[in-house]
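Colleague: Listed below, chain by chain, are the residues.
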Amino acid sequence: MDLSYTVLILIIPLFVFLLLGLFFRRIKAPLSGYIGVAGLTVTSLISFFVAFEYFFKIGMVDGAYQKIVAFKFVWLHFTSTMSISIGVMLDPLSAVMLIVVPLVSWMVHIYSLGYMKGDRGFTRFYAFLSLFTFSMLGLVLASNLFEIYIFWELVGVSSYSLIGFYYEKPSAVLAAKKAFIVTRFADLGFLIGLLILSYYAKTFDFVNLTSLTFIHNLSGIGTTFIGLSVITWALILIFVGGAGKSAMFPLHIWLPDAMEGPTPVSALIHAATMVVAGVFLVARLFPLYYFIEGGIALDVVTVVGTFTILFAAIIAITQHDIKRVLAFSTISQIGYMMLALGISKYEGPEGLGYMAAMFHLFTHAMFKALLFLGAGSIIHSVHSNYMQDMGGLRKYMPITHITFLIAALAISGIPPFAGFFSKDAILAAAFEHHKVVWFTGWFVAGLTAFYMFRLYFRIFWWNDPKYEHTPHESPKSMTIPLMVLAFMAAFSGFIPFSHFVSPDYVPFSEHMEWGLAGASVGIGLVGIILAWILYKKENDLSTRFALAFGLFYKWAYHKFYIDELYMFVTKEIIFKHISAPFAWFDRHVVDGTMNGIGNSTVWISEKIKGLQSGRVQDYAMYFVSGATVISMILWFLIK
Amino acid sequence: MERLFFYFIAIIILVFSVMAVNSRNMMRSIIYLLFVLLGVAGIYFLLEYNFLAAVELSVYAGGIIILYINSIMLIDKIGVPMEKPKGSRQLLAGLLSIFGLGVSLFAIYSYHFNQTATTTETTVKELGKHLLSYGNNGFILPFELISIFLLAALVGAIAIAKSTKTLK
Amino acid sequence: MIEGVSIYEILTLTTTVFFIGVYGFVTRKNLMAMLISIELILNSAAINFVVVNKYLFPAKMDGDIFSIFIIAIAAGETALALAIIINLYRLIMSVKTKDLETMKH
Numbered sequence: 001m002d003l004s005y006t007v008l009i010l011i012i013p014l015f016v017f018l019l020l021g022l023f024f025r026r027i028k029a030p031l032s033g034y035i036g037v038a039g040l041t042v043t044s045l046i047s048f049f050v051a052f053e054y055f056f057k058i059g060m061v062d063g064a065y066q067k068i069v070a071f072k073f074v075w076l077h078f079t080s081t082m083s084i085s086i087g088v089m090l091d092p093l094s095a096v097m098l099i100v101v102p103l104v105s106w107m108v109h110i111y112s113l114g115y116m117k118g119d120r121g122f123t124r125f126y127a128f129l130s131l132f133t134f135s136m137l138g139l140v141l142a143s144n145l146f147e148i149y150i151f152w153e154l155v156g157v158s159s160y161s162l163i164g165f166y167y168e169k170p171s172a173v174l175a176a177k178k179a180f181i182v183t184r185f186a187d188l189g190f191l192i193g194l195l196i197l198s199y200y201a202k203t204f205d206f207v208n209l210t211s212l213t214f215i216h217n218l219s220g221i222g223t224t225f226i227g228l229s230v231i232t233w234a235l236i237l238i239f240v241g242g243a244g245k246s247a248m249f250p251l252h253i254w255l256p257d258a259m260e261g262p263t264p265v266s267a268l269i270h271a272a273t274m275v276v277a278g279v280f281l282v283a284r285l286f287p288l289y290y291f292i293e294g295g296i297a298l299d300v301v302t303v304v305g306t307f308t309i310l311f312a313a314i315i316a317i318t319q320h321d322i323k324r325v326l327a328f329s330t331i332s333q334i335g336y337m338m339l340a341l342g343i344s345k346y347e348g349p350e351g352l353g354y355m356a357a358m359f360h361l362f363t364h365a366m367f368k369a370l371l372f373l374g375a376g377s378i379i380h381s382v383h384s385n386y387m388q389d390m391g392g393l394r395k396y397m398p399i400t401h402i403t404f405l406i407a408a409l410a411i412s413g414i415p416p417f418a419g420f421f422s423k424d425a426i427l428a429a430a431f432e433h434h435k436v437v438w439f440t441g442w443f444v445a446g447l448t449a450f451y452m453f454r455l456y457f458r459i460f461w462w463n464d465p466k467y468e469h470t471p472h473e474s475p476k477s478m479t480i481p482l483m484v485l486a487f488m489a490a491f492s493g494f495i496p497f498s499h500f501v502s503p504d505y506v507p508f509s510e511h512m513e514w515g516l517a518g519a520s521v522g523i524g525l526v527g528i529i530l531a532w533i534l535y536k537k538e539n540d541l542s543t544r545f546a547l548a549f550g551l552f553y554k555w556a557y558h559k560f561y562i563d564e565l566y567m568f569v570t571k572e573i574i575f576k577h578i579s580a581p582f583a584w585f586d587r588h589v590v591d592g593t594m595n596g597i598g599n600s601t602v603w604i605s606e607k608i609k610g611l612q613s614g615r616v617q618d619y620a621m622y623f624v625s626g627a628t629v630i631s632m633i634l635w636f637l638i639k
Numbered sequence: 001m002e003r004l005f006f007y008f009i010a011i012i013i014l015v016f017s018v019m020a021v022n023s024r025n026m027m028r029s030i031i032y033l034l035f036v037l038l039g040v041a042g043i044y045f046l047l048e049y050n051f052l053a054a055v056e057l058s059v060y061a062g063g064i065i066i067l068y069i070n071s072i073m074l075i076d077k078i079g080v081p082m083e084k085p086k087g088s089r090q091l092l093a094g095l096l097s098i099f100g101l102g103v104s105l106f107a108i109y110s111y112h113f114n115q116t117a118t119t120t121e122t123t124v125k126e127l128g129k130h131l132l133s134y135g136n137n138g139f140i141l142p143f144e145l146i147s148i149f150l151l152a153a154l155v156g157a158i159a160i161a162k163s164t165k166t167l168k
Numbered sequence: 001m002i003e004g005v006s007i008y009e010i011l012t013l014t015t016t017v018f019f020i021g022v023y024g025f026v027t028r029k030n031l032m033a034m035l036i037s038i039e040l041i042l043n044s045a046a047i048n049f050v051v052v053n054k055y056l057f058p059a060k061m062d063g064d065i066f067s068i069f070i071i072a073i074a075a076g077e078t079a080l081a082l083a084i085i086i087n088l089y090r091l092i093m094s095v096k097t098k099d100l101e102t103m104k105h
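Residue numbers (the working numbering), protein chains in the order written: chain A, 1 to 639; chain B, 1 to 168; chain C, 1 to 105.
Pulled out of the complex, with its shape left as it was, chain A reads as follows (with noise of 0.2 Å):
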């Protein structure tokens, strides 16, 4: 069956992007909007096919899914294995992957008609979300590590683009630096690790890479470097890449200043598809990640995720911005797939964590754009981002409302809602890994019940502050996406997500360990009623409640100071110390001798210019002597 058709995933929305971006100033605003939203109609209905066609048609082979190179065009070719291709590969992976970027990036297209209406920038709006939707299904759908790692710079760029879309606003444009100089830091571990790979593994191509042959192969050979094997180092170096995209500490902190661009873009590329590349990433080359080494690379990944969770929750608990909340909330829940595929093992029901990562990315791509699109309905009718400025909403904007629930229920992993199973998975993988690593998401699962209902209640009961234009309910455009994917974020959990995505691609059946899942029900439960006690009506409790914690209240406010650590050490470190002296140099020394040759020619010319008289008579005096000097020195030469 020829799958070449596949190929149109990638070139809809790309083509889309060339004609708005080319032709931003003819296609004036409605319009454009229309042909992103009907483009990326096109795409999704592909996608969606091509994901049930891999599932139930072609995929299962011998009771195993296949890896399938749909389409295939080598760029560079370097050896008979080695060679740089764009090339679509299903399995999966890609194929769970094509159902969540396109439904998020459809959702969030007819949002932002709404959304967006009557910015000046309405075109280029669509034309960048194009190609953001472009670049993430390019990545998903990658063949070989290199398109990965092109269309993850891709990626990269539409993203700056998207924060820094209020270009006149100076925080929008730091915002956008910052995001940008994070990643593209964190890439650069990407690329070393990515070439170190191949030059042992001689080949860019997954269907190589992950094979179980291919690996045991590879585990023999290469130098050790610091005790580890250099394989293991180019996958630490590989997963920075991926945990600066991910978002994982110490590498998050572009992610709450990204809130800066619009919500849509947040709740499509900072909640849902772009910050999960890095999960994506790992997952991709798990089998490496699991059998190089005995997974010591897998233990790096497991004790970044677990500490990631706790970190961003503890201090998404003190924010105050709704749109920082939900960022921290995301960088806890990607640190969730990040633990679950780093405890995960391979073969059969042992690979429930690597199923669970996927699982949780799925439901939380799906309950996490719908909360910051609710979000964004919200600031849409509040004009504030602040949750000081808001408050008994729930009589303005009904659907809002229930849709917020909905998504902050699924989140804090209350049954039937699709939270709660994606993370008991991950907690049940966990129980079986490490008791530490499980109390610790456990505990955090705790708060983060408590923070997204804080939020809940702060919003939407509370009391009424004297708002100056009284709130309304969103227009259709956006409130349909709410609805659409409140559906999703609530029965999404009941897909038996075993049966399509484990490590060795062999379907399993996963049991319910229900003591487990009563655990963390209950201190879900236990979050939200604190939150009810604390944000229900209006009161000081929650003022003394942080007043209790003292310092260290003020340390998670203000994020830890990791923001002003990295100040430190880039600002009064590198810049002082290190970049000073040869900014310096450059400028006294390396300056100096070319400022110095340009001003003695200038000197120089200066005083000779009177040569150039433009007389005949002088010019002729020149020729005569010049010649007979060089004939003079000609004679003694030849003598």
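No lab work stands behind these hints: they were computed from the structure.
Just so you know, these numbers come straight off a predicted model, no measurement behind them.
Hints are all accurate, no fakes.
In silico PhoX-like pairs for lysine-lysine, Cα to Cα no more than 20 Å straight-line:
| # | chain 1 | residue 1 | chain 2 | residue 2 |
| --- | --- | --- | --- | --- |
| 1 | A | K345 | A | K435 |
| 2 | A | K609 | C | K98 |
| 3 | B | K125 | C | K60 |
| 4 | A | K177 | A | K571 |
| 5 | A | K57 | A | K67 |
| 6 | A | K537 | A | K466 |
| 7 | A | K466 | A | K536 |
| 8 | A | K466 | A | K395 |
| 9 | A | K537 | A | K395 |
| 10 | B | K129 | C | K60 |
| 11 | C | K96 | B | K84 |
| 12 | A | K395 | A | K536 |
| 13 | A | K169 | A | K117 |
| 14 | B | K86 | C | K96 |
| 15 | A | K117 | A | K28 |
| 16 | B | K86 | C | K29 |
| 17 | A | K395 | A | K476 |
| 18 | C | K98 | C | K29 |
| 19 | A | K559 | A | K571 |
| 20 | B | K84 | C | K98 |
| 21 | B | K84 | C | K29 |
| 22 | A | K476 | A | K117 |
| 23 | C | K29 | C | K96 |
| 24 | C | K98 | B | K86 |
| 25 | A | K202 | A | K72 |
Some, not all, of what chain B presents toward chain C, calculated at C-beta under 10 Å:
| # | residue |
| --- | --- |
| 26 | V21 |
| 27 | P85 |
| 28 | F139 |
| 29 | A152 |
Glycine is no exception: its CB is placed at the ideal position from the N, C-alpha and C atoms.
Using the hints provided, position chains B and C relative to the given structure of chain A.
Modeller: Chains B and C only, in chain A's frame:
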């Protein structure tokens, strides 16, 4: 005898050429040049190139000098002395000339010329044959070119001198 | 060949005339005077041709013919130069080099 004659001519040439480039009266300068040219013709005679000497006399002394004199009469007020060149420039040019002369003479005197003792007289007939010969040592092509050049110079000189456009 | 006169002496004479011409060309401040210097230079070159022919290759006559050409070209050149000078004089009423520097600007 011929040697004495040569030295006499050489002195005439040198003296008059120095005077030609230094005289501040244009008309005198031209007349000195005439003497130099006569001297050159004399050398041609001594070298037994009679035809060449005749050409020199008729074209240079007869034609060009008259042309000069006519032009001077047309454009310059005779008797008004020419501007004196700057002293430093004179010195510089003089030094340059002496230096160049030194180098050239040094080169000439340190080179050994293979002088042949035989002498053959060149007749006008031979010269004419050579000029119009198509053979290996023939000069028909340059000869024709020179003819065209002279024609062009003639037409050009008339055309340029005739134009009556004035500045402003 | 002149009895008792070597090629060196004649070459000395022509070289001297040549450099006198150069001196004149460089120092003179009047177009006509510069032309006169050029005539000197041309003549010294013409004599050189003839002398070398006569003393070193008497059987040939290339030098002789070249001298004739030089004279012809000098005649043409002088005619043209004088025509230009006359025209120039009509335009700016001067043949001094310092008045002819407008091209420089």
